[in-house]
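Engineer: Sequence:
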Amino acid sequence: MACAGCIGDICVHPKLMTDDELVRRHGPGEHKDLVLGGTVDSRKRCYFDSAQMLWVFVDLYHVDAPPPQQLYVVGVHVSTEALCDRAVSPRKPFPKLVLATGLAVGDKESSALAQCGQPQRIDNTLALERDDPRLKNMPGFGSRFGERRLVYFPEGQEDSLLALSIQVTKGKIKSLWLSVSP
Numbered sequence: 001m002a003c004a005g006c007i008g009d010i011c012v013h014p015k016l017m018t019d020d021e022l023v024r025r026h027g028p029g030e031h032k033d034l035v036l037g038g039t040v041d042s043r044k045r046c047y048f049d050s051a052q053m054l055w056v057f058v059d060l061y062h063v064d065a066p067p068p069q070q071l072y073v074v075g076v077h078v079s080t081e082a083l084c085d086r087a088v089s090p091r092k093p094f095p096k097l098v099l100a101t102g103l104a105v106g107d108k109e110s111s112a113l114a115q116c117g118q119p120q121r122i123d124n125t126l127a128l129e130r131d132d133p134r135l136k137n138m139p140g141f142g143s144r145f146g147e148r149r150l151v152y153f154p155e156g157q158e159d160s161l162l163a164l165s166i167q168v169t170k171g172k173i174k175s176l177w178l179s180v181s182p
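Residue 1 is where the sequence shown starts when you use our numbering, and the numbers rise one by one after that.
Since the hints were derived computationally from the structure, they do not count as laboratory data. Hints may contain errors.
Using 27 Å as the maximum straight-line C-alpha spacing, the simulated DSS-like pairs for lysine-lysine come out as follows [said to hold, decoys possible]:
1. K172 x K136
2. K15 x K92
3. K15 x K44
4. K32 x K44
5. K92 x K44
6. K96 x K15
7. K108 x K136
8. K32 x K170
9. K32 x K15
10. K92 x K170
11. K108 x K32
12. K136 x K170
13. K136 x K15
14. K96 x K108
This structure is a prediction, so every number in the text was calculated from the model and none was measured.
Required output: the full structure, derived from the provided sequences and hints.
Structural biologist: Quick look at the structure:
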């Protein structure tokens, strides 16, 4: 998947970014921890970049060791739609929130197809919501982030955890979601 490994300077492939590195670069943002057995199992960080008018939602998890080891970025979602409760600015502004090819939220769907090729799957998010209403406000799945979802896997391997979802409404990209977790 030559199209994506990072969105801006937040990377999930080929090397995962640590939570410490994310906070050092951009501050803590709005964050919520999932605590199991008294230990942080996973963390969500969220920012609003007012210069780019984009929300940035970051999923962090323990990858290669059980808690309380380091948390790593396993997903990043960038959208024009609110991704958290409060608009917390990053300490240091994000660089342009684009994929390696330059593809960005606001670009035309045709640009995504030209830069990333044909997706392995195209989902109708409105239909997905009808089948499972819990998806409505879920980043990466809900129709408010884009009515169609173009899904890319490395070398067409749909069983890969690495995936790029590009959500589109009326021919324009509304959100990008890059993830290495199910």
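Engineer: Give a verdict on every hint.
Structural biologist: Structure-based check of each hint:
1. K172 x K136: At roughly 19 Å apart (the allowed maximum being 27 Å), K136 and K172 satisfy the hint.
2. K15 x K92: Answer holds: K15 to K92 is near 22 Å, not above 27 Å.
3. K15 x K44: 19 Å, holds
4. K32 x K44: 5 Å, holds
5. K92 x K44: 18 Å, holds
6. K96 x K15: Between K96 and K15 the Cα gap is close to 20 Å, so the pair holds against 27 Å.
7. K108 x K136: Holds: K108 and K136 sit about 23 Å apart, inside 27 Å.
8. K32 x K170: 33 Å, violated
9. K32 x K15: OK: K32 and K15 at ~24 Å, within 27 Å.
10. K92 x K170: Not OK: K92 and K170 at ~33 Å, beyond 27 Å, violated.
11. K108 x K32: 33 Å, violated
12. K136 x K170: 18 Å, holds
13. K136 x K15: It is violated: about 31 Å lies between the C-alpha atoms, which goes past 27 Å.
14. K96 x K108: 17 Å, holds
When held up to the earlier numbered hints, the structure conflicts with 8, 10, 11 and 13 and fits the remainder.
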